[in-house]
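For the sequence shown, counting from 1, position 96 maps to 96 in full-length UniProt numbering; every step adds exactly one.
Heads up, a few of these hints could be off.
Straight-line Cα separation of at most 30 Å, DSSO-like style, residue types lysine-lysine; simulated pairs [stated by the list, open to error]: (1) Lys91 - Lys19; (2) Lys114 - Lys73; (3) Lys111 - Lys91; (4) Lys105 - Lys19; (5) Lys105 - Lys73; (6) Lys111 - Lys19; (7) Lys73 - Lys111; (8) Lys114 - Lys19; (9) Lys91 - Lys114; (10) Lys91 - Lys73; (11) Lys19 - Lys73; (12) Lys105 - Lys91.
Treat the hints as calculated values from the structure; they're not laboratory data.
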Amino acid sequence: MSLTVLAVDDSRTIRDMLKLALTEAGITLHLAEDGVHGLEVLEGIAPDAIISDINMPRLDGFGFIEAVRQQDKHRGTPILVLTTESAPELKARARAAGATGWIVKPFDPPKLVKALQMVAG
């Protein structure tokens, strides 16, 4: 099963790590640098899952998730939040915005791949 994933993160390092981890697992990856860019990239693709950071310039993860959820075609697309934050109130806010799951950086590549396969399968 080959998955298509959109990952939105303002950190080049994290984007590079995601690219390495996910492409090695056979996942087609689209990258964006912040929420605004993420919405632009999303226009042309139909990802099986989305990974989003929370703290980003222009449009943060909460705003990005809410905007994605307002689009009919992405209402059911799983969204995993990938962030350094672990506060329960932020998790609750992400869930309220429409996030499916929460992964704290630094991430474990095999676990992330497994999580993506679980939510997108």
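Results of checking the hints against the structure:
Taking the CA atoms of Lys91 and Lys19, the gap is near 25 Å; set against the 30 Å cutoff, the hint holds. A hinted pair counts as satisfied when its Cα atoms are at most 30 Å apart, and Lys114 with Lys73 qualifies at roughly 24 Å. With a C-alpha separation of about 19 Å, the suggested pair Lys111 and Lys91 falls inside the 30 Å cut-off, and the hint holds. Distance check on the hinted pair: Lys105 and Lys19 sit about 15 Å apart at the alpha-carbon level, within 30 Å; holds.
Note on Lys105 and Lys73: the hinted pairing holds, with a Cα-Cα distance of about 29 Å set against a maximum of 30 Å. Of the pairs offered as hints, the one joining Lys111 and Lys19 holds, with about 15 Å between alpha carbons and a cut-off of 30 Å not exceeded. For the proposed pair Lys73 and Lys111, the alpha carbon gap of about 27 Å is at most 30 Å, so the pair holds. Taken as a hint, the Lys114 and Lys19 pair is honoured in the structure, with Cα atoms around 15 Å apart against an allowance of 30 Å.
This hinted pair checks out: Lys91 and Lys114 have alpha carbons roughly 20 Å apart, not beyond 30 Å. For the proposed pair Lys91 and Lys73, the alpha carbon gap of about 24 Å is at most 30 Å, so the pair holds. A C-alpha spacing of about 25 Å is found between Lys19 and Lys73, which places the hinted pair at or below 30 Å, so the restraint holds. A C-alpha spacing of about 14 Å is found between Lys105 and Lys91, which places the hinted pair at or below 30 Å, so the restraint holds.
The structure shown violates none of the earlier numbered hints.
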